[in-house]
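> Fit chain B to the supplied structure of chain A, relying on the hints for placement.
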Amino acid sequence: MAHDLIARFRRHDRTALARLVTLVARGESFPELDAMLAEDPAMKPRVVAVTGSGGVGKSSLVGRLLETIRQDGKTVAVLACDPQSPLSGGAILGDRFRMGSSIYDGLFIRSLAAVGGRGAVADHLPRLLRLLAHYGFEVVLIETVGAGQGDVAVQQAAEVVVLLVQPEAGDELQWEKAGILEIADVVVVNKGDLPGAEKTVAQVRGMLDLAHASPVAVLRASAKTGEGVPELWRHLQSLSPKVVPNRLNVSLLFDRVAEEAARRAAQLWSQHDAAVCEIVANWQEGRLAESAAVDALLNTLRSHPEA
Amino acid sequence: MSHPLRIVLAKVGLDGHDRGIKVVARALRDAGMHVIYPGLWLTPEAVVRTVADEDAEWLGLSLLSGAHMTLVPRVLQLLRDASLEHVGVMVGGIIPEADIPKLREMGVAKVFGPGTPLDEIVGFLREPRQVAHGS
Chain A
3 MAHDLIARFR RHDRTALARL VTLVARGESF PELDAMLAED PAMKPRVVAV
53 TGSGGVGKSS LVGRLLETIR QDGKTVAVLA CDPQSPLSGG AILGDRFRMG
103 SSIYDGLFIR SLAAVGGRGA VADHLPRLLR LLAHYGFEVV LIETVGAGQG
153 DVAVQQAAEV VVLLVQPEAG DELQWEKAGI LEIADVVVVN KGDLPGAEKT
203 VAQVRGMLDL AHASPVAVLR ASAKTGEGVP ELWRHLQSLS PKVVPNRLNV
253 SLLFDRVAEE AARRAAQLWS QHDAAVCEIV ANWQEGRLAE SAAVDALLNT
303 LRSHPEA
Chain B
25 MSHPLRIVLA KVGLDGHDRG IKVVARALRD AGMHVIYPGL WLTPEAVVRT
75 VADEDAEWLG LSLLSGAHMT LVPRVLQLLR DASLEHVGVM VGGIIPEADI
125 PKLREMGVAK VFGPGTPLDE IVGFLREPRQ VAHGS
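Protein sequences appear in the order of chains A and B. Throughout, this note's numbering is defined as the position within the first sequence, counted from one, plus 2. Throughout, this note's numbering is defined as the position within the second sequence, counted from one, plus 24.
So here's chain A without its partners, still in its complex pose:
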C-alpha cells in the first residue's frame, strides 16, 4: 500500500501526490516515504512565501502571480495556510476562493490549516516542500495566514519571503518596529491602485535604507488590476541562488531533532519512567521553571539512548 503510493507518486499520479501531502501534513512517516524524502530531488523549486496581515491581499496577489507563472509555462504548487480554531480544531480554508478557478495540470493548490500559536504556516512545512520538490514542481508558493508583526516562522522554510503591505497602513513609525519587515526579501505595496501607495513605497524604502543600505526591493503592485505583477515575478526569478541562503535543509534537520526529542519524551512518559515523571511533576507543581524542565528532559533523553 505504502510502496504503491510512492510508486504512483513517482509516476506523477496526482491522487498519490494529494494523499502524500495529507500524510506529511499530519506528521505521518513510513520507511518508503522517508527514504524518498532523504534523496536529493532532481531539481529544486523556487520557494516563495507570501506573508502579510489579514486582508492585505495575499490570496488575490497569489492568484495574479499564478496567471503570470502559467504564461511562463512553469509548473507551480501553492500551499495556502488558513488558521485552525484552537477551540474546535475546525477551520474554513477559503484561500482558493481568490486564486481563480483556473485548472491546468501544471497547477496544484492545497489548503492547509495552521494550528494557532505555532506561527503562520502549517506544521511540517520543510517535509512538505521536499515532497513537492520530488514531484518536480518548478515553483512553490506558500501563503501564510494573516501574520502579525512578529511572525517570522515562515523564514525557516522559504527561499524568498515576500511581505505584502498596503497603503494607509499606519504612520511612519509602524515601519520602524522590529519584526516582520526584517525577514522580508521583497516588500510589495499591494493595492497600488489606491491613493497613497507611492507614499507608502517611499516610507518603506526609507525605513529599509535606514536599517542597512538594504538590497530589499520595494515594489508596487495591484492584485485588482494586475499592475506590477509581471515585474514582481521577474524580480522573484532574478534573485540568484547565491543571495538566497538554503534554509530548507537545516530547518528540516532541526525539525527532526525536535520531533525525535518529543517522541522519545512522550514514550518515556507513557512508560512511567521515574526521572521523566519527576521532572514533569515538578514542572506541573511550579517547582521547576519551564526552561529548566526542558533542559532536564533533554539530559534525561541523553541517558536513555534507545528509548
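Hints may contain errors.
Stated by the list, open to error - These stretches of chain B come out as covered by chain A in the derived footprint (C-beta under 8 Å, 3 or more residues):
| no. | segment |
| --- | --- |
| 1 | 47-55 |
| 2 | 103-114 |
What the hints assert, rightly or not - Listing some non-contacts, in silico: residues in chain B with all C-beta distances to chain A over 12 Å:
| no. | residue |
| --- | --- |
| 3 | Asp-79 |
| 4 | Arg-98 |
| 5 | Lys-134 |
Stated by the list, open to error - Quick partial rundown of chain A residues pointing at chain B, CB under 10 Å, derived from the structure:
| no. | residue |
| --- | --- |
| 6 | Phe-99 |
| 7 | Gly-108 |
| 8 | Leu-109 |
| 9 | Ala-115 |
| 10 | Leu-300 |
| 11 | Arg-304 |
Derived from the structure by calculation, the hints contain no laboratory data. Positions of the beta carbon are idealized from the N, C-alpha and C atoms, including for glycine.
Positioned in the frame of chain A, the structure of chain B alone reads:
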C-alpha cells in the same frame, strides 16, 4: 475522530446564492472539521480538481438554480473519471422532492433541504461511511 474530516463545499454553475453554504461551512468548522470553500460559479471540472488536490473525503454541493439534474451527474461522472469514487457526495439547496430519489440513485449519499437542522448534517458526516457512489 483522530484527524479532522476534510470536506469541500462548493457552488457549481451559475448560482450566486451562497448564504446557505456559508452557514453550513460555519457549522462544520465549529464541529471541528476542515472545510475547503472554493467560491462561487465553479465548473464541474474545477470542483473535481479541487476535491482531488485537497484530498477531501467529502464533497458538499449547493444548488439553488434548478440545474441539479444536469450538474450533479456531471460532477459524479468526473469524480469517477478521476478515480475519486471513494469521495462521499452530499447535496443541499432547493431540490424538488421528486428528484431526491433520482439523485440518490446516481450516487448522492444524502440530500439536505432548506431548514435542515445543522446538527443533522454534522451527525450524518460523523456516521461511519456508507457505501461510496460508483458504477
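> Could you tell me which of the hints above the structure violates, numbers in ascending order?
3, 7, 10 and 11
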